[in-house]
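Number of protein chains: 2
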Amino acid sequence: MQSTVTLRDVAQAAKVSIATASRALAGEGLTSRSTEARLRRIAAELGYRPNALARGLKTRTTRLVGLVVHNLTNASFRVLAEVVQRRLRAEGYQTILCITADDPEQEAEIIATLADQRVDGLIICPTGHNGARLAALDSNGTPVTCVVRRDEMVEMETVLAADPEGAYAGTRHLLELGHRRIGLIVGRRETTSGRERLSGYRRALEEAGIAFDPSLVHAGPYEPETGLAGCRQLLDRADRPTALFVANHESALGVLRGLAERDLLVPDDISLLCYEDMPGFAWQRPAISVVDSGATAMADLAADRLLQRLRPNAAPPAETAREYRIGARLIQRHSCRPVAP
Amino acid sequence: MQSTVTLRDVAQAAKVSIATASRALAGEGLTSRSTEARLRRIAAELGYRPNALARGLKTRTTRLVGLVVHNLTNASFRVLAEVVQRRLRAEGYQTILCITADDPEQEAEIIATLADQRVDGLIICPTGHNGARLAALDSNGTPVTCVVRRDEMVEMETVLAADPEGAYAGTRHLLELGHRRIGLIVGRRETTSGRERLSGYRRALEEAGIAFDPSLVHAGPYEPETGLAGCRQLLDRADRPTALFVANHESALGVLRGLAERDLLVPDDISLLCYEDMPGFAWQRPAISVVDSGATAMADLAADRLLQRLRPNAAPPAETAREYRIGARLIQRHSCRPVAP
DNA sequence: CTGTTAGCGCATTCAC
DNA sequence: GTGAATGCGCTAACAG
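Taken in sequence, the protein lines are chains A and B.
Following full-length UniProt numbering, the numbering of the first sequence begins with 1 at its first residue and continues without gaps.
Following full-length UniProt numbering, the numbering of the second sequence begins with 1 at its first residue and continues without gaps.
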């Protein structure tokens, strides 16, 4: 039992006022060299640690930031959590991780609680139903940075993947290999990524002069089951697609399963391209080609942006919130092959 | 700009003292029914939200708990993060998630920072090098619950998987299918799980009257590479094992890869059993049998234990810290088969 | 049942 | 360069 050594204890031990102690330990040359050193030593000996609550109450800054995501299963969120956490800690911030399950009500409650804790900032993948709350927070001086999804209701600093371009590049790649019937498994239209990836796919087809065939598209929730269902649906067609573009990342497992069910070999029988890289894809046999959406870069940029606005000096309130896009990259491995002539 | 409405604003608006306002909103019948209702209404109208910092400073309780894990890649940690987060939030606690990367120094810093924030409690998978700090925290009134790994240096409440029994059960299963040469890929001896799973494996062999052959064991860090290396090593033997028990969970990907390299079919050419279930295993083709170490149950129990000690009434300081074990379960899918006669 | 008074631990203004 | 005093927002005695 030793804890709870306060600034006053340090001051008493050093026979100075508590104010001096505070200044010495702040260490910005507000005290004499000697007392500063002395106080520092005594504080260390006593094991003094400033009470973050008291400090926060006084300074109105907690060095806490909230990170709000839908889950930790999705690879992007996982990367986001790890990267943001690390980046912020390097700058002396603690990360409070919260999970909304993509539920607006939970999200609302979480935002409120985070505000109660007086977090200094917030990085969030919004559900899209609490934009007003986020905007209020932001304009009250708590910077909010959105990631992965945009909240359509309101203008806010947002870091997104370049999904239209990524899906375009992926489809294009397949097209260049000679594929004409490309099945697409994608997220629902209600989500930014679902919509944007579909649009990239369509644009690539159009440019290639291929008519868009809605029956080649299977949209569904972000779950393996979607992949399995989509796979079956597409494979049951008389004119089976020669390539599958799995642009709903969580579906990949289901698609792999569906392909195995039909004893279809990748890439001999069918080409396979996925969206969003993850460790499993590279270890797969054959290793699966992907459009890497750049989760790490997104996380880093989100951290950068927030950190930037967190710095005391800066803070031009909002020259209209900017949107950032992280470019996608095609990573060719061994799951795509030219269509047989 | 509306924020920062304080208790005083509410009190003034209601023309009562700030203390009365506090009591009314606390709502434990310390005020008259009518004023309570009135204050509650006014507070809502004004959008009053208590300042968690001020409250924490006063009450010495923050409803913050720290969750410290090595990473978010490991399935157990992911489950831990999701479950603990959800369970605690249901009880009004926020979770501060921190990642140590299994590095004692980072861990030490994290523990200190968490203490600075005056977290009410801590759930941690310890590196094993900061036991003293954890013990100090605990005996200072901040309950600490360890999970997944035990800190050998010190007695503390700990929730672990029943790894010896799990490994025993898994090995036993393979034995009962007639396998005699069972390759084991496992974590390093320095880790609790590495040691314990190895011991379970050995015990099962002994009971079956089979001599332990160290060359059938490949121990290594928790990475896919370990699986690949182990797989190659074991498969290169003249007397190739007829079954592989992958008890270092992260290695599974590498093992799958290694098997594919050699064009070995599971379960026809070789049986495969993994430790720790994860979504991918069930979706694999063939679906992979596993010893489920019960990550969810562990997370729930850890949350239960901490919550229990967080309740105001309870707190018999420490009748010698207890250790809990979550039983493992064998889940049979389609990756194991009797050895050919 | 309600108001007054005192801090929680710290940073900071104002004197000296 | 240092000390005394003030208050951040809230809860908890202590009176009335």
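Just so you know, not all the hints are guaranteed correct.
Below, computed lysine-lysine pairings styled on BS3-like, alpha-carbon distance capped at 30 angstroms [unchecked claim]:
id, chain 1, residue 1, chain 2, residue 2
1, A, 58, B, 58
2, A, 58, A, 15
3, B, 15, A, 15
4, A, 15, B, 58
5, B, 58, B, 15
Just so you know, the hints here were simulated from the structure itself, not pulled from any lab data.
Check: Broken hints, numbered, in rising order?
Finding: 3
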